Each structure stands twice: as C-alpha cells, then as structure tokens.
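Participant: Please work from the sequences and hints to get the whole structure.
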Amino acid sequence: MRQDIRITGLGGQGAITAGHILGRAASIYDRKEAVMTEGYSPYITGGWSRADLIISDDPVDFPLVSSIDVLVAMYQEGLETNLSMVKANGIALSESRLSRTFATNHGEKRRVLSVPAASAAENLGRKMLTNVVMLGSLEAIAPVVNLGSLKKALVDRFPKAAELNLKAIDAGYELGLKAAEELKISIG
Amino acid sequence: MNQYAEDGTLVPGDYFMMGNFACVEAAIMAGCRFYAGYPITPSSEIFESASTRLPQVGGYAVEMEDEIASVAALIGASYAGAKVMTATSGPGFSLMMENIGLAYMMEAPLVIVNVQRAGPSTGIATLVGQGDMMQAKWGTHGDVETIVYCPNSVQEFFDLTIQAFNSAEKFRTPVFVMADQVVAMMWERLRIPGCGEIEVKQRDVLDPKVLSSQVPFDYSEDFLPMPIAGTGCRVNIDSLTHDSRGYPSIEHSVSETLTRHLVGKITGHAREIWKWEEFLLEDAEVAVVSYGCSSRSALRAVKIARSKGIKAGLLRLITPWPFPDEIIERVSSKVSTLVVAEINYGQLIHPIREHSRCPVVGANWAPGTLIDPSAILDALQVVVPS
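These protein sequence lines are chains A and B, in that order. Here our numbering is used: position 85 in the first sequence is 85, and no number is missing along the way. Here our numbering is used: position 334 in the second sequence is 522, and no number is missing along the way.
These are computed hints drawn from the structure, not numbers from a lab. Take the hints with a grain of salt, since some may be wrong.
Ranges between beta-carbon positions, derived for each pair [unchecked claim]:
1) Trp326(B) with Arg97(A): 22 to 32 angstroms
2) Tyr533(B) with Gly47(A): 23 to 33 angstroms
3) Asp426(B) with Gly12(A): 52 to 62 angstroms
4) Glu286(B) with Gly148(A): 54 to 64 angstroms
5) Gly47(A) with Ser524(B): 44 to 54 angstroms
6) Gln76(A) with Val388(B): 48 to 58 angstroms
7) Thr240(B) with Gly12(A): 14 to 24 angstroms
8) Gly201(B) with Gly148(A): 16 to 26 angstroms
9) Met252(B) with Ala88(A): 48 to 58 angstroms
10) Arg31(A) with Asp331(B): 45 to 55 angstroms
11) Gly556(B) with Leu147(A): 37 to 47 angstroms
12) Gly148(A) with Arg518(B): 48 to 58 angstroms
13) Gly12(A) with Gly420(B): 53 to 63 angstroms
14) Arg31(A) with Glu470(B): 24 to 34 angstroms
Below, in silico cross-link-like pairs of lysine-lysine (DSS-like), each with a Cα-Cα straight-line distance of 30 angstroms or less [stated by the list, open to error]:
15) Lys491(B) with Lys87(A)
16) Lys463(B) with Lys389(B)
17) Lys499(B) with Lys463(B)
18) Lys463(B) with Lys358(B)
19) Lys87(A) with Lys496(B)
20) Lys358(B) with Lys453(B)
On a predicted model such as this, the values are computed, not experimentally measured, just so you know. The beta carbon of each residue, even a glycine, is placed where N, CA and C say it ideally should be.
Facilitator: Now the structure itself:
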C-alpha cells in the first residue's frame, strides 16, 4: 500500500508544516515508510509552496510524487494546476473560500471535496490554523495516517499550543465527515 | 520536536528529519566543533543548523567572506586541533578548489559537503544535479587521490557524514560528501544511534616531546600523527613541496616521496574505503550503475524491468572515489552491458568504461530534476531487446 499526497498552499499558509506533521505521524508513530520533498515557487514571500509525501508499507525507492492519490489545496491555482495529476480514483480536498471550485462527485472518478477550513480556523481565533483544520478534514475523508498518530505528531510540533491545535483537528474532522456525507463518499 | 541530551547531542531515537539537518547532527556526533562557510542553496540548512547547534555543544560556526576563505579557515582550525566541516554547492565548490589543494598538500583533515545542484555556473539554485562528480576528483591541480561518499537517503547522509569524519582523520585529508538537492532536502525517518553504537575516530596527535627527536612528516608511514599548533609542536606546514621537516624543497627525491605518499595513502587502502551495494545482480544480464539520488530512480527502473522479464540488476556506488575499479571489473565480467545512470551528460561513465569488461552506455539526464526511472528503463530495453 502506497499513497502519494500533495499539500499545496501559498507562502505562510503552512503547507510545508502540514507535510512535516503528516510525515512524522506516518514514519514515527505509524511506523510506515515516509518520504517528504518540498517545492517552492521562485518568490520571496507569497508564492506557492508544496509538500509532497509518499507514505508506504514498503521502502520507497523513487522519492518523488508523479501522480497523486490525495491532493490538499489551499488556493485556487493550486487546485487547478494539480488536479490533472490526481489519479482517477483519487481525492482532491480544497479550501472552499480560497478556491472557487465547487465540490463535485465525478462518480467513480476523481473526487473533489471542499471544506470551509479558513472559517473554522477563524472561529477558533487563529486563521493560521487553516492548515491544521485541513489535516483534520483529510483524516475524515482519506485517513492516510492514524488519527491518534496525527494528533501526537501535532502536539510534538506545537507543544505550547497543543490544545488549540487539537481543537482545529477535531473541527476539521467534523467538516470532512460532513463534506464526505454530502458527496456520499464512503470513508476508508 | 528534537530532543537534546545535557551535552547538547541529539537523544538516540527516531526522528523525521531533513537530510541537511541530519548531516549537521552527524557532524556533531563525529566530533565536529568548527564550521566555516558561506551559505548557498541547496546546502544552506547545513550552515543554518550548524550556526545554532555548534555553539550548543561548545563549538563555533563562522560566516566567511567567501568559500575560498571558508576552506582556509577550516585548515587553520584543523591544525589548531578541531574537527572541521563546511558545506556548499557547485559554485562554491569551484571557489574552494584552490584551498582544497592546499588541504591535500598540508594533510589537513576536513569534511566538505557538496549538495549538488543543476549547473554549470550558478545554474539553477533550487534544482538537482550530479555535475560535480569529476570535479571532486580532478578539481584541484596536481596529483591527488580523493575520498568521496554519495548518500542516497537521509539516514545514509547521516551515516556517511560520520564516516567522512572518520576517514578524514584516519587519512589526514579532505573528504567529500557529495550529496544532492534531492537527498539533502528530503525528509525521512532518521534513526539516531546511541553513542556506544557509533564508531568515532579520534585524531592521532603528535606528542610535542617526540618532535625533539623526530621529524613531523615521516613519509615512511601512511598515517602520521598530526602536529597541533599551540601544544608546543613546531608546525611547519607548506603548500610548496616540502621535506620531512616541512621545509620547501626542489629535490626530485623529495617531490617523489611526498606526492607518492599523498596518493598512496589513499590508493593503498582503497579496498577498506570502498562501499557499494548490489541489488539483484546474481543472475543479472544487464546492470545499472548509479549513485546518490539517481540510484533510487535506478532501483525503481530495475524493479520494473524485472517485471517485464528483463534480468536487470543494480550496482550502487557509495564511494565513487577512490574509483572502485575491481568492483566494476567483477560486475561487468558477468553482464552483457552496464547502463550508467547519472544526472549529468556523462561523468562517472568515463572511469566505469575504462575498467568495464563489457560495453557501457549512459542513461543521462540533466534538466534539473531527478532522473526519471523511465529514462533508465528505456536504456535497459534498448540494450536487452525482448
């Protein structure tokens, strides 16, 4: 079992941080093989960045993501430019305010879901939690790591803000369940 | 997230870490306490981390005016008794060459990490290349032999950085860790072993008292204890061809003795330096030879080739220099063709061809990305028609 995941956002949204947390959850707590590579646009601030993660039961040879099982996009262009790389039965998860594409279910094909992660983060008092809310939603829709592992890795990363971050995960998880229910996507 | 012991070293255990950071932790565990450098992508995290971490363990990290000065500072610190390191990428590596030659001549142990990026010149700072492999051997002038390690994972970047320090100390010479942008910037699980599990070679230091009766450079031995400045030793080190006292000389016999020593101390121990890995070579009809990040593409290509019925295998060179001629000769005598996969337009293929018993073809690729397994697979399918 191998899953290729891309998390993309604009500078400051925390796409890379989200990748680190997911990679740590997979490799340290789930004891899976995980490789993460990073990509950046040639800007100083505000450009796109992406975390590419391969999570596998077996050692990973070629370490780059070439087709995507799960895409997490936190801006419009990130969804548009990467959607064609998502596999036929893959999932794309976008932030509903930051990308205009509406959630659609293409039947057995590629599924695009959207969650209001930015609003949820604002409700928690910190817009910068958007990436963590997205991770929570990802867990509800396509659980690439154990939820408990994700939470442990998150607390490792933000020990002083553990409580708030765990709330963001839970909020995201609820949003993810709701989005999946609306599209009648079976979880797992 | 990282847990540190009281002495500032990383607590043994598993970490999810970037290659560049792993390299610094390895250097610290190997005893490195001095870093002089000039930041350059994609190696900058090494300097960044060294600036934080070395002071935590009683060491120093100094930003120099350029890479030439960086290596000069390393030589000085090395002769003051420190284990030393710098990191750079292609453009900085070119600048370092003058003083790398000086380090060979002065027999100063130092570790230079080159995180290779796309070239030539300043090329593309953020993208991968393997175009400095010949420069590592031939970049400085004169006859020298060199020791190069090529990691292909975060764990191996860690392990080989420690090995590089040990070799630098044993052979009293500059040693290179030729990483690349992919390996250096990728994140993987890293197991930090306990101190007892790591072999660390301590420097063999010349006792100042011995000097009254003994010359500092006794070239009858391959490995010489090092005179350390400030300990009472007379430290005559010179870039000019020098005799056993360290004084410049234009005697033919002195030149012959010195240059033979510099080359021979490496070539005479090449078998103990060589590291390599073989995958599915037992029944292979064709072998891919690769190193560094490219070897991970090669491994994928070999697996796909096997699934298509092509009896392919992989020889991964972990120490491309000193050149592992006997390994190439052995593997090439059992297969029909060697396919050399590297992110350049043909570098290590040349010494491989020189020592191969069978035809050698290149799978070359250098657009600033990791070589795609399909490019290697194409080469395999051409040389082994189904």
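Participant: When the hints from earlier in the document are held up against this structure, which numbers fail?
Facilitator: 1
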